[in-house]
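For the record, the sequence lines run as chains A and B. Numbering-wise (this note's numbering), the first sequence opens with residue 5 and increments by one. Numbering-wise (this note's numbering), the second sequence opens with residue 104 and increments by one.
Everything labelled a hint here was simulated from the structure, so no lab data went into it. Being a predicted model, the structure only gives us computed values, none of them experimental. Yeah, the Cβ is synthetic: ideal placement off N, Cα and C, and Gly gets one too. Be aware that one or more of the hints could be misleading.
What the hints assert, rightly or not - For each label pair, taking beta carbons as the anchor points, the in silico distance ranges come out as:
{"#": "1", "chain 1": "B", "residue 1": "GLY133", "chain 2": "A", "residue 2": "LYS67", "range": "31 to 39 Å"}
{"#": "2", "chain 1": "B", "residue 1": "ALA324", "chain 2": "A", "residue 2": "ALA12", "range": "34 to 42 Å"}
{"#": "3", "chain 1": "A", "residue 1": "ALA12", "chain 2": "B", "residue 2": "ILE768", "range": "45 to 53 Å"}
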Amino acid sequence: MSLSEMKADREAIVGSINGDSRFLSRITSIGITPGCRIRVMRNDKNRPMLVYSRDTMIALNRKECMGIEVEEVQQ
Amino acid sequence: MSATIALLGQPNSGKSTVFNALTGLRQHVGNWPGKTVEKKEGTFTRNGKEYAVADLPGSYSLTANSDEEVITRDFIESGKADVVCILADSSQLERSLYMMADYAGINVPSFLVLNMADVAKEQGKTINAAALEEKLGIPVIQISATDSKKYDSFFAAMDRAITQKSVINISGLEAALSKVEGYESIKELIPEGSVKNVSSMWLGVKAIENDKLVVDQLKEALSESTLGQVDALRKTSGGALATGNSKFVWIDELLDGVLEEKKEKVSISKLDKLYLSPVWGKPAVILTILLGLIGSFIPALPLMGVGSAIGALKGPVANALAGAGVSDTLIALICGVIIQSFAYIFQMLGFVFGVLLVFGLLEEVGVMARISYVFDNTMAKLGLQGKSVMPFLVSFGCTMGGAAGSRVIDNWGQKVLTIALAWAVPCGAAWSVIPMLSALFFGPGAVLVIIAILATMLLHMWVTARVFGGKLVKREDRFGMIMELPPYHKPKWGALFRYVLGRTKDTFFRVSKVVLLVCTLFWLLSYSFVPGADPVLFKIGKVIEPVTRVFGMGWKLFMAFIASSVGKEGALGVISALFTDGSFYTAFSDAMSGAARDANLGTLLLANVSKPEALAFIFAITFNMPCVVALAATYQETASAKWTARIAAYYTAGALILSAVVYHIGLLIW
Chain A
5 MSLSEMKADR EAIVGSINGD SRFLSRITSI GITPGCRIRV MRNDKNRPML
55 VYSRDTMIAL NRKECMGIEV EEVQQ
Chain B
104 MSATIALLGQ PNSGKSTVFN ALTGLRQHVG NWPGKTVEKK EGTFTRNGKE
154 YAVADLPGSY SLTANSDEEV ITRDFIESGK ADVVCILADS SQLERSLYMM
204 ADYAGINVPS FLVLNMADVA KEQGKTINAA ALEEKLGIPV IQISATDSKK
254 YDSFFAAMDR AITQKSVINI SGLEAALSKV EGYESIKELI PEGSVKNVSS
304 MWLGVKAIEN DKLVVDQLKE ALSESTLGQV DALRKTSGGA LATGNSKFVW
354 IDELLDGVLE EKKEKVSISK LDKLYLSPVW GKPAVILTIL LGLIGSFIPA
404 LPLMGVGSAI GALKGPVANA LAGAGVSDTL IALICGVIIQ SFAYIFQMLG
454 FVFGVLLVFG LLEEVGVMAR ISYVFDNTMA KLGLQGKSVM PFLVSFGCTM
504 GGAAGSRVID NWGQKVLTIA LAWAVPCGAA WSVIPMLSAL FFGPGAVLVI
554 IAILATMLLH MWVTARVFGG KLVKREDRFG MIMELPPYHK PKWGALFRYV
604 LGRTKDTFFR VSKVVLLVCT LFWLLSYSFV PGADPVLFKI GKVIEPVTRV
654 FGMGWKLFMA FIASSVGKEG ALGVISALFT DGSFYTAFSD AMSGAARDAN
704 LGTLLLANVS KPEALAFIFA ITFNMPCVVA LAATYQETAS AKWTARIAAY
754 YTAGALILSA VVYHIGLLIW
């Protein structure tokens, strides 16, 4: 499923990330890479998504989150 | 200059705190040549030697995606820096070491500073800097950047890096990269020394990441057939995701045995539950900013008092000078221009001091990032960051404060655009004039006028964002938010006050120059040097009256309009004087102090000005250039005379067009 479909307070492992090379380089440099564990903190309409990864709370644009494929895991 | 140090780090790595601590007040802010990116340089002296410090623009990596990154890359590759200080956040070590991993492979000497040691310690994290130094081969130290007394270890690491020319040991990274498809073949195709100061490993990685600059550099360095091979290998490689992954694999290996931490489950803090709430977030953020602004008046009041005191000197000084036989012209220059300018500047400087303090505080404790998050969707429509909402709110009080507050916006283009839009927000002085004039002419209809003004403000901002947005914030530079929300920090008051005082002092000098220049110009135009002769402005006003009539303004109102670009309160003073046939110069001089409202101004206006003219005039002065001090502050913050002039011309023209439109609508109604 895509990251944007995840509910708040769930965790997932990032699978593939799709987007232009600029997006890929920016998302990598903030620490989100395939295989990393990610926790959705908030997923509210009309707001960027809030996720937690590598000790960091990160706000991500919703549209771009659609290109991040994740697999939900039990906590 | 004995050495140049460049500071490199991701946002929130405490880079500017280190920069401020090193250089203190010896810093200079300008623009990188030909680029719309802020350039911060400074110097410091240690043991009798002078060092230069360059604060490289903030970015998350070295890939050439934006002007900021291109500048950083050019600076490093050109060899201008003798040593690069790479910063990372100890409390988020794994993620923030990415910049170091991206730098690895560059042959310019470097050392690593693990900042925010205090925060990491609070979180129960221990870091063995010596062990990390062993693995990396460059000096590594841990500090709390705000503690300027403990910079000895910083300087020791810097000295070691310079004398040993320490370069990061990349064998571990190369091992991780060897798993990336095509990496080894690409690296073999690129001989060492193809590009100055960088290794072929680094070029290979950036080629895989399809970095624009490296692709261009390789075109120069490689034969066409080799380039074709590199290109083919790149396309089948995993791109930035694969190399990024290798960098984190390497970072994990580096941190093994270096970082010890307790894994705790994270949750949203109580404060964030409020700020990040979809319902209460916006009200909470706005309330925070407003409370902050009210609070900022307390430290601002003394400065404002100084301003009033200087203004009060005008009368006594004029009398004393007249008594001493000084010529009237000179008295007018000293009292009407110089003393009045400084009175004005100090009053507004109080506001700037307060705004810088509050914004600096919000940024330091981490609230600013929440504001960006909450207003991201709204402000993105204008091509701006969420934080831009703050200068807008401040501008309801004082446009100069708004311009000074735009300092928190880290992208130059967005900063200039924010200031350009903040000018459309009617300031406190405008709010003291609009309701009074509206009530006088339209009675209860004044409410409608105010609503129309607010609606026009939003429209103006929307149009202005389209007019300037394309140039300042290019389409391809508009991308979705990818931003860290840092944990809340306790503020470091000492460092904050030093920074705010330094900035206020800087603002004072730059603003004074512009204000004195503009006020002298107005004085020259409005002063009668030969007794009985009409001043230049007066003559021009009369000659072009047929033109200004189109905008709904006779020459007297047009003069008041011109005065309103110096200071809004002054517009009424000019009207008072001109309609009572007072001295033209006195009117203009008083326009600056805003004290010359005639007691029967209301009667005068009703007798001489029609309703359509009045309405046009209200719109004209509201959306005119805010005041000369706002102009000066805009120049100070944008560091661009061209853009300051462009915005000023745009607002003057815009106000006249609005005036004409409103006037003709008014003619249809009445």
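Return holds or violated for the Cβ distance of ALA12/A and ILE768/B against the range 45 to 53 Å. holds (50 Å)
Range hint compliance [Cβ, GLY133/B to LYS67/A, 31 to 39 Å]: holds (36 Å)
34 to 42 Å as the expected CB spacing between ALA12/A and ALA324/B, which holds or is violated: Violated, since ALA324/B and ALA12/A (Cβ atoms, about 50 Å apart) do not stay within the stated range.
Comparing the model with each numbered hint stated earlier shows that hint 2 is the single one that does not hold.
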